[in-house]
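Protein chains: 2
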Amino acid sequence: MFLSELIPVSDAKKTIYNCLKEPVIEEIDLENAFKRVNARKVHSNLNSPPFDRSAMDGYAILAENTFGHSANNPIQLKLVDSIRAGEKSKVELKNGEAIRIATGAPLPAGANAVVMEEYTCLDGNLLDVETAVFPGENVSSACEDFRKGDLVLDNGKLLNPPELSIVASAGFNQATVFKKPRIGVIITGSELVMPKNDLQGAEVINSNHFTLKSMVESCLAVPEMFHAVDDASLVKDMFTNLLKDYDALITTGGTAISKGDVVVDVAHEMGEVLIHGVSIRPGKPFAFAQIQGKPVFMLSGFPVAAMVQFDVFVRDALLKMQGLHVKPLKIQKKASKKMPSSLGRTDYVRAKIEGEMVHPLKIKGSGIIRSMVESDSYIIIPENQEGIFEGEDCVVLPYQSLKA
Amino acid sequence: MFLSELIPVSDAKKTIYNCLKEPVIEEIDLENAFKRVNARKVHSNLNSPPFDRSAMDGYAILAENTFGHSANNPIQLKLVDSIRAGEKSKVELKNGEAIRIATGAPLPAGANAVVMEEYTCLDGNLLDVETAVFPGENVSSACEDFRKGDLVLDNGKLLNPPELSIVASAGFNQATVFKKPRIGVIITGSELVMPKNDLQGAEVINSNHFTLKSMVESCLAVPEMFHAVDDASLVKDMFTNLLKDYDALITTGGTAISKGDVVVDVAHEMGEVLIHGVSIRPGKPFAFAQIQGKPVFMLSGFPVAAMVQFDVFVRDALLKMQGLHVKPLKIQKKASKKMPSSLGRTDYVRAKIEGEMVHPLKIKGSGIIRSMVESDSYIIIPENQEGIFEGEDCVVLPYQSLKA
Numbered sequence: 001m002f003l004s005e006l007i008p009v010s011d012a013k014k015t016i017y018n019c020l021k022e023p024v025i026e027e028i029d030l031e032n033a034f035k036r037v038n039a040r041k042v043h044s045n046l047n048s049p050p051f052d053r054s055a056m057d058g059y060a061i062l063a064e065n066t067f068g069h070s071a072n073n074p075i076q077l078k079l080v081d082s083i084r085a086g087e088k089s090k091v092e093l094k095n096g097e098a099i100r101i102a103t104g105a106p107l108p109a110g111a112n113a114v115v116m117e118e119y120t121c122l123d124g125n126l127l128d129v130e131t132a133v134f135p136g137e138n139v140s141s142a143c144e145d146f147r148k149g150d151l152v153l154d155n156g157k158l159l160n161p162p163e164l165s166i167v168a169s170a171g172f173n174q175a176t177v178f179k180k181p182r183i184g185v186i187i188t189g190s191e192l193v194m195p196k197n198d199l200q201g202a203e204v205i206n207s208n209h210f211t212l213k214s215m216v217e218s219c220l221a222v223p224e225m226f227h228a229v230d231d232a233s234l235v236k237d238m239f240t241n242l243l244k245d246y247d248a249l250i251t252t253g254g255t256a257i258s259k260g261d262v263v264v265d266v267a268h269e270m271g272e273v274l275i276h277g278v279s280i281r282p283g284k285p286f287a288f289a290q291i292q293g294k295p296v297f298m299l300s301g302f303p304v305a306a307m308v309q310f311d312v313f314v315r316d317a318l319l320k321m322q323g324l325h326v327k328p329l330k331i332q333k334k335a336s337k338k339m340p341s342s343l344g345r346t347d348y349v350r351a352k353i354e355g356e357m358v359h360p361l362k363i364k365g366s367g368i369i370r371s372m373v374e375s376d377s378y379i380i381i382p383e384n385q386e387g388i389f390e391g392e393d394c395v396v397l398p399y400q401s402l403k404a
Numbered sequence: 001m002f003l004s005e006l007i008p009v010s011d012a013k014k015t016i017y018n019c020l021k022e023p024v025i026e027e028i029d030l031e032n033a034f035k036r037v038n039a040r041k042v043h044s045n046l047n048s049p050p051f052d053r054s055a056m057d058g059y060a061i062l063a064e065n066t067f068g069h070s071a072n073n074p075i076q077l078k079l080v081d082s083i084r085a086g087e088k089s090k091v092e093l094k095n096g097e098a099i100r101i102a103t104g105a106p107l108p109a110g111a112n113a114v115v116m117e118e119y120t121c122l123d124g125n126l127l128d129v130e131t132a133v134f135p136g137e138n139v140s141s142a143c144e145d146f147r148k149g150d151l152v153l154d155n156g157k158l159l160n161p162p163e164l165s166i167v168a169s170a171g172f173n174q175a176t177v178f179k180k181p182r183i184g185v186i187i188t189g190s191e192l193v194m195p196k197n198d199l200q201g202a203e204v205i206n207s208n209h210f211t212l213k214s215m216v217e218s219c220l221a222v223p224e225m226f227h228a229v230d231d232a233s234l235v236k237d238m239f240t241n242l243l244k245d246y247d248a249l250i251t252t253g254g255t256a257i258s259k260g261d262v263v264v265d266v267a268h269e270m271g272e273v274l275i276h277g278v279s280i281r282p283g284k285p286f287a288f289a290q291i292q293g294k295p296v297f298m299l300s301g302f303p304v305a306a307m308v309q310f311d312v313f314v315r316d317a318l319l320k321m322q323g324l325h326v327k328p329l330k331i332q333k334k335a336s337k338k339m340p341s342s343l344g345r346t347d348y349v350r351a352k353i354e355g356e357m358v359h360p361l362k363i364k365g366s367g368i369i370r371s372m373v374e375s376d377s378y379i380i381i382p383e384n385q386e387g388i389f390e391g392e393d394c395v396v397l398p399y400q401s402l403k404a
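Chains U and X are the protein sequences, given in the same order.
1 is the number of the first residue of the first sequence in the working numbering; add one for each residue after it.
1 is the number of the first residue of the second sequence in the working numbering; add one for each residue after it.
For the record, the hints were derived by calculation from the structure and aren't laboratory data.
Any given hint might turn out to be false.
[Unchecked claim] Below 20 Å or equal to it, Euclidean Cα-Cα: the simulated EDC-like pairs (lysine to aspartate or glutamate) are: (1) U:LYS88 x X:ASP311; (2) U:LYS403 x X:ASP311; (3) U:LYS157 x U:GLU31.
Computed from a predicted structure; not experimentally measured.
Please take these sequences and the hints and turn them into a complete structure.
In structure tokens, the structure reads:
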């Protein structure tokens, strides 16, 4: 494939998503389910709250007893019992009586409101109530959150703190979730070495090892990292072995859009290369193949190109592979300067947000890691736009919004 | 303390932050440093890139040889060597010569540009170059990212993929980071039981166990979960034991703003209760103490109140305890309906963003977990505002932006 066949970003995404399989389901302890993806419709086993309960520390009373009363004209009630959280009163409250009640405790039979402790004065077993309360005041009614049988959580939802809370409250200590995809990541490049403080000859630090590992983790997937020298038969052996054990492969390096590049050639030999070259900047030499039914994402060796390709093409795919369909929050800001682009190409410009403005960073080249560290967002210049004028509104994708 | 002494949210935050200690530093493998906080200024050990290198697959040449040439008028050069990534050419390129070069490989001596393979035609050892290139074209210059000695990463930065990449590229396989705070979380309430599908008597599901554990984890801190019945001497024993082992405590329940509430009373006995009651809705009965020099956050027992209190008062504190000072991204949206509030009180209204609008959810009570599941953001009504009109711009804090 050659330059002339660059495909648009949207087509590339469609091709990738079409190749993804339905995720597998497993049952785990709710205790360990944070940031897992809920895989079934959760219908509650319980009413929540399970009973009418007090929302305050105070006294359970009959609201009608207090009507027309105030600090200047308190009503005196007779204290007949006390209920702590976790207890139920055996006493049925009668007209003219009060029962001391703790926050969260069940409202005793006969009562229909709670007066806050602050508006009362207790002397022995006589309680002055110095305010009027309405029926239901300071009471959380049974089932006001949900009822037994109600759908409380849909499938496909990420289990964040509120979702864990509702699953627990519905009576479940287990969660049915989608399995995390296991990703084999192959960093190719004979020149690459792990970090050290002196480089020999043509050695280059394998920084992609660290970025790709953490990017896969940031998608809630499980990476295993490998390194390959630029040798087709070694890369092929590695593909063969890893495709048995992993749900997808990601490679970096060897994707240049020319004949004879190691990784894409191996992919072509073993399966179907569906994408090679996308109209995007940075990150044009992105490739994607389906081999033995599994997706293989081939990213550039250049760090920044690889990061952008990951964010645009891989991130959503890894999330979808575990049943999560997210729409990152994009915002509108005003461009602090002009940015040229080409019709038909989508640009991801590293940028920094400042109030209502967004500043594109001045950077050439897709190897400039510093630009990723100093930026906090991408300005996206869509393919149907020839650029952005100074002061013009533009679409900004904060890196923050990419986090799962 | 009583209702009359409710303090503003900003004062409460100030009080809390003043009690936090400087975080402790440790050295870990860069391999495991994702989402840790960098604790030192990182100066590079290396130049990056370490040498002039090719940004493309193609041929290293002298740019001057190509001036004035094109597809119709190619210049013929003599191929004298080939350099793969990881290799250095021993040949010095002379006028009229070309050296085949792979992406990432060092530019050979004598060359000053790379022509892409696509614009050439090779026949034996004769190369036709069908375009003109300028000096430096398709070359990443040595040091264009950073130089040995440059400050490449400041302390206090979260180690995300780009930061890990730059630390590695600077030559380090270790990271100096702040220790993660260890948090003892005590869920109080005699009525609380772990999830099951039938509740007896006044039992209530301990959903806070799951929310608090995951919220602490979402702040990159390490929670250990405990449960206490409403008994002052048991709670006191637990405080005494846990304060030895943990960097901070969080409790839920027993904070009602009245006399005789278990947790706040214990805190008062053992240390200094600096906050009890904040002018916020939901979440008014928030308390904070310093005991044996350690921060103790006392949240409501009601799930939603506890979540809001956590997001407003605890989240930033746990991040600061590991050296991370973040400013969550707040955005502006138009309110889809009127929201009343009171002067002096800060409201956190659960809401859902839809395009340029934000919809406050209709919810009463601070126990309605479903409202947290169905919302994706808080509308913040600041204390100096009496409410928000329909169609008025308001400040929205997406939950997404709270993620570290």
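Structure-based check of all given hints:
The hinted pair formed by U:LYS88 and X:ASP311 fails the criterion: a straight-line CA distance of about 33 Å is larger than 20 Å. Between U:LYS403 and X:ASP311, the direct Cα distance comes to roughly 17 Å. Compliance with the 20 Å bound is thereby established for this hinted pair. Distance restraint check for U:LYS157 and U:GLU31: the Cα-Cα separation of roughly 17 Å lies within the 20 Å cut-off, and the hinted pair is therefore satisfied.
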